[in-house]
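Okay, here's what each chain looks like letter by letter:
2 protein chains.
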Amino acid sequence: MNGAENLLRSLHGAGVDVCFANPGTSEMQFVDALDRTRLMHCVLGLFEGVVSGAADGYARMARKPAVTLLHLAPGLANAGANLHNARKARTPILNLVGDHAQRHLRYEAPLTADVPGTAAVFSDWVRTVRSTDTIAGDAMDALAAAWGHPGQVSTLIVPADIGWDEGGTTEPAERAEAQQPRALDGDMLRRAGAALGPEAVILCGGGVLETPEALKRLSDIAAATGTAVLATGPLRRAERGAGHFELPRIPYPVDDALAALSGFRRAILIEALPPVAFFAYPDRPSLLLPERCEIIPLADFDQDGLAAAEALAQEVGAKPQPLTATRPCPAPVSGPMTDEALSAAIAAALPEGAIVVDESLTSANSVAALSTGAPAMSWLAITGGAIGIGIPLATGAAVACRDRPVISLQADGSAMYTLQALWTQAREELNVTTIIFANHGYQILKHELFKVGANPGPEALNMLELNRPELNFVDLARGMGVPGKRVSDPLDLYQSIKDASREPGPFLIEVML
Amino acid sequence: MNGAENLLRSLHGAGVDVCFANPGTSEMQFVDALDRTRLMHCVLGLFEGVVSGAADGYARMARKPAVTLLHLAPGLANAGANLHNARKARTPILNLVGDHAQRHLRYEAPLTADVPGTAAVFSDWVRTVRSTDTIAGDAMDALAAAWGHPGQVSTLIVPADIGWDEGGTTEPAERAEAQQPRALDGDMLRRAGAALGPEAVILCGGGVLETPEALKRLSDIAAATGTAVLATGPLRRAERGAGHFELPRIPYPVDDALAALSGFRRAILIEALPPVAFFAYPDRPSLLLPERCEIIPLADFDQDGLAAAEALAQEVGAKPQPLTATRPCPAPVSGPMTDEALSAAIAAALPEGAIVVDESLTSANSVAALSTGAPAMSWLAITGGAIGIGIPLATGAAVACRDRPVISLQADGSAMYTLQALWTQAREELNVTTIIFANHGYQILKHELFKVGANPGPEALNMLELNRPELNFVDLARGMGVPGKRVSDPLDLYQSIKDASREPGPFLIEVML
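Residue numbers (numbering that gives the first Met the number 0), protein chains in the order written: chain A, 0 to 512; chain B, 0 to 512.
Quick caveat, the hints were computed from the structure, so don't treat them as lab data. Quick caveat, the model's predicted, so the values are computed rather than measured. Note that the Cβ used here is the ideal one computed from N, Cα and C, for glycine as well.
Simulated coverage check for chain B against chain A, where a stretch passes if three residues somewhere in it have a Cβ under 8 angstroms from a Cβ of chain A:
1) 101–115
2) 154–163
3) 419–432
4) 467–475
Residues from chain A that face chain B, not an exhaustive set, calculated with beta carbons under 10 angstroms:
5) 280
6) 441
7) 454
Using the sequences and the accompanying hints, generate a full structural model.
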């Protein structure tokens with residue numbers, strides 16, 4: 000058996016059965032081994048940003064590491080923006096990246112570049128394989144690193160000759176066992192318990208939001224002590240909707256965020272950092288909590304948020320309470336396509352078991368607020384601010400959960416970064432309904448321009464307009480084998496989502512704003 | 000004046016009047032300054048790989064540095080693959096990359112990442128601006144670094160606050176003056192002169208190929224001494240067609256390349272390195288020249304190829320000779336769309352003053368050979384093997400030369416990496432005719448799969464097929480405001496190119512293979 004096959008068989012033994020790929024010549028031995036072993040389903044992306052974003056969506060939903068196959072430094076760089084998002088989400092991803100054969104690296108071949116350097120900036124863990132004897136073990140170490148608590152992006156660089164040479168053996172699954180979370184600190188727990196009350200806020204992120212039991216216990220603490228509970232930091236995945244305790248999020252605009260937190264004197268962090276503004280602005284602080292607010296880090300990212308919520312509830316004797324009734328979704332109505340109206344239409348149309356992917360940015364602002372009574376759903380968001388993750392994320396989530404409808408809320412400017420993912424949705428016959436909010440501009444940047452003190456003139460605004468020429472997303476989708484339609488009435492939007500999510504395969508709805 | 004404006008005014012003073020951009024919040028002060036100063040034309044790309052590829056095309060044709068404006072580490076990473084190509088081409092590019100305000104960098108904001116680390120892997124020169132007092136000077140140093148001999152990719156990282164703070168001054172153009180080439184070595188010249196003859200080959204790259212006088216003198220040397228002359232290394236730009244001495248290229252397939260060079264005992268290098276295989280393969284050498292071939296590096300990349308050709312011609316007393324007559328282009332014929340037939344159709348259709356951009360890879364193999372008698376043209380190729388440069392490169396070349404028709408020869412798989420550049424072509428009303436070779440597969444990888452010793456089965460081949468679903472490039476182009484058509488007959492292809500290149504604005508032709 001050659002190195003590539005030993006690696007693949009070992010990964011499969013540890014539970015890897017999907018590989019997101021955009022391979023090149025230096026990965027042909029993996030493609031060959033994938034073919035011979037037939038152990039993994041390969042999901043092809045037409046661009047590496049699709050591959051890394053889909054891997055992120057897959058891992059978030061499958062709750063296990065996603066594996067990618069990428070080509071040299073340029074391929075890894077193309078995957079970089081969505082790996083950045085995955086790192087911020089602490090999603091477990093293992094990148095297999097080919098490099099030139101070892102003897103070839105000393106020469107200035109066209110594709111020779113710094114693969115380890117490229118890997119370093121977008122990975123938590125990097126190793127270059129040095130021998131066919133160790134390739135399988137190296138891969139299992141990389142998988143274990145990804146599968147830690149918290150999850151990490153690990154990158155294993157494989158020179159081509161190590162993949163094609165014969166030798167080595169497979170490695171047992173035990174070598175890739177996930178690291179367990181670090182124990183909570185008893186003193187910190189008592190300090191957190193004493194801090195609760197109306198002037199305190201519990202700020203939660205990471206795994207807490209995707210664990211309904213943790214959310215339930217936080218609801219009990221809030222009911223027992225009057226403490227506020229807010230979601231913060233990267234929203235990797237939230238379980239929400241009917242039957243779940245809904246956590247409000249800290250708003251994106253810096254002034255709204257400062258206002259939302261201004262009243263708190265004590266902040267308890269569970270899988271979260273002290274919240275920080277997305278960007279710095281002249282005359283605004285970077286940190287969002289009031290200066291004198293006491294910060295109590297109850298559970299860091301390498302600790303267990305559910306255990307922290309449970310222990311804190313016990314510490315203050317919070318009894319399990321029934322959840323307060325959630326608001327039913329408002330009925331969709333015909334009329335102008337206001338943000339409120341389209342949000343209501345989407346909330347009302349969400350099907351049973353939906354996975355909602357949110358890269359809507361400045362549009363559809365009220366979907367979350369209006370859908371607390373919608374059927375229970377998983378909600379995945381952009382986590383690192385690198386736009387162009389929504390369509391790939393939806394693609395990967397759908398690969399992980401083929402029986403669940405995916406609703407992808409997508410800003411138009413961001414959609415254009417990784418639109419190629421639509422082709423993968425068609426190829427894999429995934430039930431993804433992509434809703435494009437066509438405001439024909441980088442709307443968010445128009446807000447930002449004012450916040451840095453600019454008084455934008457026509458040239459500046461021209462740089463933020465996407466209307467010359469106007470993009471037609473229905474044409475673009477059709478070009479990649481995905482049917483679609485334009486809608487300009489909220490009721491039509493509602494019905495189109497209902498129809499599309501009931502039908503198998505992908506569909507695109509362009510909402511004309 | 001603030002830092003951003005000082006920087007822009009200084010760059011403009013040194014000749015920069017175009018900026019290729021995909022800005023974000025941390026670059027809003029530049030967008031604002033661009034608006035206030037009205038000194039530069041801003042070309043917007045919907046993805047950063049479009050921006051860097053277009054910058055490369057612009058600089059190759061304008062013969063001066065191109066400036067980009069990019070957003071943080073993810074934006075720079077997205078630009079990375081085409082910056083890799085630009086580095087291999089030794090194209091002068093100056094990247095302006097925003098970063099968070101200095102006080103914000105210590106916090107874990109969503110977009111916080113290692114900007115200098117990202118810059119390092121795809122740049123020859125990197126600096127982070129530390130003060131508003133130095134920003135203009137730093138930019139001029141960066142421009143000078145890019146404008147050296149050879150050209151370089153330089154990256155200047157600008158924390159947002161340094162752009163928006165008041166202070167500093169502009170810098171005079173002299174600070175950005177291009178570095179002059181290093182003088183030739185007299186001993187090396189005599190050694191090269193003595194080496195010429197039928198068993199010798201002159202291998203040329205870099206600036207030689209884009210300098211008709213240098214090509215002419217190489218032709219004289221060949222005529223006088225019987226020495227072979229070949230093009231090698233990254234083909235940044237070649238001036239070719241009627242009236243130019245045509246240099247054959249070393250073939251891409253490793254066995255063909257080895258055969259083409261097997262007879263030589265002495266190799267003289269002018270702006271070239273000893274040629275190396277694109278990839279390593281089992282049982283094939285990495286270096287392409289015979290082991291015992293003597294290598295004479297007459298002019299390195301920091302020396303002047305034209306001066307070297309001239310000096311070598313004088314050294315051997317090569318008299319200026321008339322060029323041998325070039326072969327007229329064959330007439331296009333109706334019939335099956337074979338590679339020979341479509342190549343002939345394209346060669347015959349090339350308009351006066353064309354710029355040809357070549358990312359055709361496995362298609363249109365004979366266009367170069369059949370177009371030696373076509374009107375004089377500039378020919379730009381992919382230089383670093385990172386696919387997805389063709390459409391951006393054509394876009395930037397057209398921005399540099401608005402009065403010349405651009406013919407873009409484009410493989411379908413590679414087109415999907417940076418297809419968004421079509422939108423910029425429409426927005427800028429550029430006369431680019433994009434010809435997509437729709438073979439519906441990663442054809443080149445099918446060849447490569449066999450070369451690494453694989454015996455590909457259905458799963459492997461499936462990973463290299465793009466036909467499920469079939470891409471429709473005419474729909475995709477229409478979605479970005481570019482009209483197009485499909486053709487399946489070479490005569491129709493010929494006429495369509497003629498028509499499209501005569502009309503202003505972009506057009507796309509999908510060649511059905």
